[in-house]
Amino acid sequence: MLSARTFLSTALGVGGFLRPPVVAAQPAAAPARAPAPVLVPIRSIGPRERGRIRQHLLGLSERDRYLRFGYAASDEQIERYVSGLDFERDELFGIYNRRLDLIAMAHLAFSPDEAHRDCAEFGVSVSEHARGRGFGARLFERAVVSARNEGVKMLFIHALSENTAMLKIARNAGATVERSGSESEAFLKLPEATFDSRMNEIALDHFAEVDYQLKTRAKQFWSFLAGLQEVRSGVRAARDQSSP
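With numbering that gives the first Met the number 0 applied, the sequence shown closes on residue 243, and no number is skipped along the way.
Warning: the hint list may mix true and false statements.
Per label pair, the in silico range of CB-to-CB distance [unchecked claim]:
(1) LYS152 / THR215: 28 to 38 Å
(2) HIS157 / LEU57: 15 to 25 Å
(3) ASP195 / GLN76: 34 to 44 Å
(4) SER82 / PRO190: 32 to 42 Å
(5) MET153 / ALA217: 33 to 43 Å
(6) LEU99 / GLY173: 27 to 37 Å
(7) ALA129 / PRO46: 19 to 29 Å
DSS-like, lysine-lysine: derived pairs with alpha carbons at most 30 Å apart [said to hold, decoys possible]:
(8) LYS188 / LYS152
(9) LYS152 / LYS167
(10) LYS188 / LYS167
I should point out that these hints are in silico values taken from the structure, not numbers from a laboratory.
Here a beta-carbon is modelled for each residue, glycine too, at the ideal position from N, C-alpha and C.
Full structure from sequences and hints, please.
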């Protein structure tokens with residue numbers, strides 16, 4: 000079976016411009032022992048996914064909502080947040096499981112003020128059962144690629160000082176973190192977009208879309224099999240009842 004990276008190289012003709020660390024699921028080890036990077040499919044989220052976004056955020060605990068939004072957002076406040084998402088201006092990214100549940104998502108919010116169009120803010124949330132896999136860091140790296148290609152020079156992360164996981168992601172990326180009481184502000188300077196960075200984004204988008212379509216087909220097939228099994232069970236039961 001082809002590895003994810005080999006698949007991308009074959010399908011798109013990508014070579015040196017594909018930067019595996021952007022989506023590597025594990026930190027790089029020593030060069031001689033480094034395993035082949037595992038690509039995490041991260042898909043751009045559109046307005047049709049509002050329902051999944053809502054379900055993901057409402058599934059967060061009170062503590063997780065507090066860390067994500069800076070306050071313990073109520074169901075009503077989350078509903079307003081989801082309804083107000085601007086998919087034309089901002090970018091949203093998601094990681095899905097095999098059942099197509101949204102288990103991690105990121106919001107890359109661009110400034111609505113033209114004077115600050117070179118600035119953007121990043122926010123992320125990961126379902127409790129999906130933690131410990133580096134999804135938050137992978138989403139941050141994916142957002143950096145998109146922000147850079149959109150001309151963003153400064154990427155900001157506003158987080159509670161106790162949100163050590165988010166601040167660690169920022170520091171590992173080289174961001175400067177300034178703490179002010181219970182809140183912290185991290186900012187990362189981004190280099191200008193290049194041909195490599197743009198092709199990298201195209202490759203990542205294509206890989207994520209292929210993965211999503213495969214999961215969709217698999218889910219549909221399993222649903223078909225489940226329905227077929229129910230029909231067979233019904234026929235078998237009817238046959239047994241009619242037997243003398």
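Hint check for THR215 and LYS152 - Cβ pair distance inside 28 to 38 Å: Given range 28 to 38 Å: holds, Cβ gap about 37 Å.
Range hint 27 to 37 Å (beta carbons of LEU99 and GLY173) holds or violated: 34 Å, holds
Take the C-alpha atoms of LYS188 and LYS167, compute the straight-line distance between them, and say whether it is at most 30 Å. The hint holds at about 16 Å.
Between the beta carbons of MET153 and ALA217, is the distance compatible with 33 to 43 Å? 41 Å, holds
Pairwise hint evaluation, LYS152 against LYS188, where the allowed Cα distance is 30 Å at most: 6 Å, holds
ASP195 paired with GLN76, Cβ distance criterion 34 to 44 Å: For ASP195 and GLN76 the Cβ distance comes to about 40 Å; the hint holds.
Outcome of range test on Cβ distance (HIS157, LEU57; 15 to 25 Å): Given about 22 Å between the Cβ atoms, the range holds.
Need the status of pair LYS152, LYS167: alpha-carbon distance at most 30 Å? Answer holds: LYS152 to LYS167 is near 21 Å, not above 30 Å.
Range first: 32 to 42 Å. Now tell me if the beta carbons of SER82 and PRO190 are that far apart. About 35 Å separates the Cβ atoms of SER82 and PRO190, which means 32 to 42 Å holds.
Is it true that ALA129 and PRO46 lie within 19 to 29 Å of each other by Cβ? Holds: the Cβ-Cβ distance is about 24 Å, inside 19 to 29 Å.
Violation of the numbered hints given earlier is absent; every hint is satisfied by the structure.
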